[in-house]
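Here is what each chain is made of, one letter per residue.
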Amino acid sequence: MPPRLTRREWLAASAGDGAALLTSCGGERPVVPSLVSIVRAPVYDQRIYETVRRMLAEHRLEVRGRNVVLKPNLVEFEPESSINSHPLLVHAAFEAFRAMGAASVRIAEGPGHRRNTLDLAEAAGYFKTVPRFEDIFVDLNLDDVTRVRPPRQFSSLGELYLPNTALSADLLVSIPKMKTHHWAGATLAMKNLFGVVPGGIYGWPKNVLHWAGIDESIADLHAAFPRHFALVDGIIGMEGNGPIQGTPKRAGVLVAGRDPAAVDATCCRIMRIEPLKITYLRLTSGGESHITERNIRQIGESLAAVATPFELIPEFRWARMENS
Amino acid sequence: MAIEILVSKQNPDGGWPYVRGASWTEPTVYSVLALLAAGETKPARRGLRWILATERPDGGWPPQAGVGQSSWVTALVALLPPERLGASVHARAIAWLLETTGKESTLAYRLREWLLGNPRPPEQEFPGWPWIPDTAAWVGPTSLAVLALDKEYRRNPLPAIGVRIDSGRQFLLARMCHEGGWNHGSVRALGYESRPYPETTGMALAALRGVRSPETERALMVARRFLAECRSADALNWLRLGLLAHGQLPEGYCHPVRIEDRTLPDTSLGLLVAEAEKGRDCFSA
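Sequence order for the protein chains is A and B. Per this note's numbering: the first sequence = residues 1 to 324. Per this note's numbering: the second sequence = residues 1 to 285.
Read the hints as simulated data drawn from the structure, not as lab findings. Hints are supplied without guarantee of correctness; some may be wrong.
Within a straight-line C-alpha distance of at most 35 Å, the following computed DSBU-like cross-link-like pairs (lysine-lysine) qualify [claimed, not checked]:
hint, chain 1, residue 1, chain 2, residue 2
1, B, K103, A, K277
2, A, K128, B, K9
3, B, K42, B, K151
4, B, K151, B, K278
5, B, K278, B, K9
6, B, K42, B, K9
Covered, in the sense of this in silico footprint (three residues per stretch, anywhere, with C-beta under 8 Å from a C-beta of chain B), are these stretches of chain A [unchecked claim]:
hint, stretch
7, 110–118
8, 136–147
9, 198–209
Distance ranges between label pairs, derived from CB positions [stated by the list, open to error]:
hint, chain 1, residue 1, chain 2, residue 2, range
10, A, P226, B, G252, 55 to 65 Å
11, A, G158, B, L115, 37 to 47 Å
12, B, R231, A, R250, 24 to 34 Å
13, B, P57, A, T247, 48 to 58 Å
14, A, T247, B, A87, 51 to 61 Å
15, A, L303, B, A2, 49 to 59 Å
Every residue, glycine too, gets a C-beta built ideally from N, C-alpha and C.
Looking at chain B on its own, in the form it has when it is part of the complex (with noise of 0.2 Å):
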C-alpha cells in the first residue's frame, strides 16, 4: 500500500513532493531508496533521472530544483548505490561532503575568533556539517554526513573519509544533551539546558553505530523512553532506525497504528526502516 502511495505521487518530472507541488531532492531520495528495496525499477530509474538532472556544479545538491545552493541533501544522495547514481556523480557527491564543514570549524571564522580574543567553546573543537554552507554545524546534517560516509568507508576505506566520520561522531557525542539524547546543536543557550528531541536522537544515534560508551547507553534510555511516548511518525521511524543501529530495538516492537503518515518522507523512510528490521538497511550497507 505505501509503495503504491509513492508510485501514484511521483511527480510528472519524475522527482516527489513533500506533499504536493514541485519535487524536492529528500523525499526524491527517500522514494527511490524505497522503490529500489521494494524492486519498482521503473518509477525508481525515473526518480535517478530527476536527481541527476539537479546535481550542481560544485558537485552538491540543491534541496529544490533551480535553488542556487548545495546543501545537507548531498549527504541523502550520497546514501544512493553508486552502481545506480553512477560512479563518478557519487564520488562527487562524497568530496562535496569532505571539503564541507559549519562554518564555526573554517579557518577565517577561527581566526577571526582568535584575533579577537573569544575562547574557543570545546564542543566547536570537532567539525560537522551545516545544513546550507556558511552556516554552522548541526545534529541533523551532521548524522546524515555520518551515515553516507560510513557507508562510502565499507566500500572504499580512505583515511580521509575515516577521519570526517571520526570528528563528525566526536560532535555528536559533544553536543549529546546532559540528560542525554540530542536537540539540534547546542547543549545549553545562555546558561539553559537544552532538551532532547525524539527525532534528531534517533539520527544521532543511527550515524553512532558501532560506538559504544556512557553517553550512548544514556542516550538509547532517553530513545527506548521516547519510543514509547512519542507520537510522530517521523521521529519514531528515526527513532528505530536509532535503537536498531545499536541493537537495541525492543524486540517484537510494533509501530503504533494510529500514528499517520504527514508526508511521503515519512511514508518511504517508513518502508526503509521496515526493511532494515528485516537486516536490509540501506543506511549501513
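Same shape as in the complex, but just chain A (with noise of 0.2 Å):
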C-alpha cells in the first residue's frame, strides 16, 4: 500500500521541488505558498472533460494505484437551479482520475436535507450523466463509520463518527458550488465537508454541526482529512440566500489546489468577499499566512480577469473586500 503523506508533506508537495519558504516582514512564520489554478469555463459542456484532465495535470496529482473519492454537494431537488454541484464537471473529474491510473475512483456524499440521497442524485442528473452511477456511488450518510478525534480541535464536538468510505480515501476530492451561505458567509470546499458528517448518525439536519459552532466544525473537519483537493464549480455558483434559497450567478471559472483554505481564501476574492472575514478561514489559517494572497501562489486567469461581485445578505455585507 502507497505511503500516507501527512498534511505538513502533502502541502509541501504542492509546493513544487523548487519552491522557496515565503516569510513575511511582519514576524509571521513562514509559510510554504500554495498552488491554487483558476481556469475559465464558460458553460457546462463537453468542454468540461479537457479542462478538468489539464487542471489536475497542473497540479501534479500523484495517484496511481490510489483510492480517490469524489465528494460533490448535493442539497436539494431542483435541478434547474444551481444549488448541487453539476454532474458534467465530477464527471470529469471521475473521467480524469480514472486516466491519472486511480486504482479506484467513487462518488460519495451525504446530503444534510434530504434523506433519500439517491433520488436526490437523481433529479441533479447524475444517473443520466454517470454511467453506472448507482454502482460507484456511496451515500455517505447510511456508511459504515468509524469514531474518531480530530488531530486540531476548535469546536465542542470531541469526537465524531466519520463514514470509512471518507477517511479510507487517500485523496478526498471536495468538489463543491461556489455559494454565498447565509450561516457561514461562502459555502466552498472545506463547508462541503459537512457532508461526510453521517446523517444516519447526527440526523438530517447535522444539527450536532450547529450547536458545537458552524465555522468551528468546518475547522475541525478540515483538520480531519488531510489528503484532501479542491475543486471549486463556479461555472454557474449562487448569490444572496445561498446555499438554497440564493439566485444562480454566472461566474465562469473553475478553481482547484491542494490547500482547500488557499482554494476557498480565492474563491471568496472571485465572489469579492474578504477571506480573513469569512470564521472558519480565519480559524483555519490561524488568522494569518497561508490564504493570505501574497502567500498563494496562483496560476492561470488573474483574479483581476475573473472577480464578480456576489450579492451578500444583509448580515454579511460587512464581509465585502470593498468595505475592507
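Make one complex out of these two single chains by using the hints.
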C-alpha cells in the first residue's frame, strides 16, 4: 500500500520542488505557498472534460494505484437551480482521475437536508450523466462509521463518527458549488465537508454541527481530512441567500488546489468577499499566512480578470472586500 | 418478492443494513415489522435478538450497534409489539422517549436564554424530539415519537404519555410551512420562508392522525400534490401513510411502477404501507 502523506508533506509537495519558503517582514511564520489554479469555463459542455484533465495535471497529483473519493455537493431536488454541483463536472473529474491511474474512483455524498440521497442524485442529473452511477456512488449518510478525534479541535465536538469511505480515501476531492451561505458567509470546499458527517448517526439536518459552532466544525473537519483536494464549481454559482434560496450567479470559472483553505480564500476573492472575514478561514489559517494573497501561488487566470461580486445578504455585507 | 429481498439481505448478526454493510437499527426495525406482518417469524426473531442486544443502558437505542449514544431510532423500536420485544424492554423505550426533548426545551437552555434576554420564539413553546440528545427538536423524529407514543397510549392511556403526544402534535402544527406541509423544522430562516418536503409532510400527517383543523387541511392539500408529483419511494411511502391516517389517500391509488426502492427501509416501509392500506396499520394499532 502506498505510504500516506501528512498534511505538511502534502502541502509541501504541492508547492513544487523548487519552491522556497516565504517569510514576511511582519514576523509571521514561514509558509509554503499553496498552488491554486483558476481556469475559465463559461458553460457546462463537453469541453469541461479536457479542462479538468489539464487542471489536475497542473497540480501534479500522484494518484496512480490510490483510492480517490469525489465529494460533490448535493442539497436539494431542484435540477434547474444552481444548488447542486453539476454532474458533468463531477464526471469529468471521475474520468480524469481514472485516466491518471487511480485504483478506484468513487463518488460519495451525505446530503444534510434530504434523506433520499439517490433520488436527489437522480433529480440532479447524475444517473443520466455518470454511467453506472449507482455502482460507484456511496451514500455517506448510511456508510459504516468509525469514531475519530480530529487532530486539531476548534469546536466542542470532541469525537465524531465519520464514514469509512471518506476516512479510507487516499485522496478526498471536494467538488462544491461556489455559493454564498447565510450563516457562514461562503460555502466552498471546506464547508462541503459537512456532507461527510453521517446523517444516519446525527440526523437530517446535522444539527450537532450547528450547536458545536458551524465555523468551528468546518475547521475540525478540515483537520480530520488532511489528504484533500479542492475543485470548485464556479461556472454558475449562487449569490444572495445561499446555499439553497439564493439566485444563480455566473462566475464562469473552475478553481482548484491541494490546500482547500487557499482555494476557498481565492474563491472568496473572486466573489469579492474578504477571506479573513470568513470565520472558518480565519480559524483554519491561524488568522494569517497561507490564505493571504501573497502566499498563494496562483496560476491561470488572474483574480482581476475573473472577479465578479456575489450579492450578500445584509448580515454579511460587512465582509465585502470593498469594505476592508 | 419484496419479502424475499428482505430475507436475503439479512446480515449474519440478525440485523439489516440500509443497502449493504453493517446492521443499523432503522432498517432492522422496519424489516422486523414487515416480516412479522407477513408471518415470516424466523428471520423476524433473529432481527429481534439483534435489537435486544443493542439496547443501551439508558433504555434507548443507538442508530448503529457500537455507537455510544441513544437516538431517535428508539421511537421505531417502541413501535414493535411489546409481546415480541419484551414488556420491560418496551417500557424502557417508552420511558426514554418521555424523558427526551429538544435542547431548546430544556430548563438549562431556557434559563440561559432568559438570562441573555432573548425572547422565546413561539414555535419553541411545545417540546418535540431531537435526532440525538443535546440538539434541537425536528419534525422527523418528533413525528416518529408521536406515532410510537400514540400506539402505546391506546394500550396504556397514562396521562404522562397523553401530555407528550399533545405537545408533540402542537410542535408539529407550530412548525408547519406557510404554504402547508413541513420542512425539517424551521418555518423561516433569516426571514425566508422554508419550503415543505414530501417525506416530512407525510410523516407529520401520520403523527397528526385524528387532528382536524384548517392547518391539517392545508397540509393534506400539499400532500396530495406531492403524491402526484413525487418520484421518491421513501417520500411516497410516508405520503401514503400520512394521507391514509386522515382517510385521504385517493381511492384506487397505485404506486408508480417505475419508482425504485433505493434502500431496504424503502422496501420494508412499502410493505407496511400496503398492509396499512388493507386496514392493518402497524403504526397505529
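Those earlier numbered hints the structure runs against, lowest number first: 11
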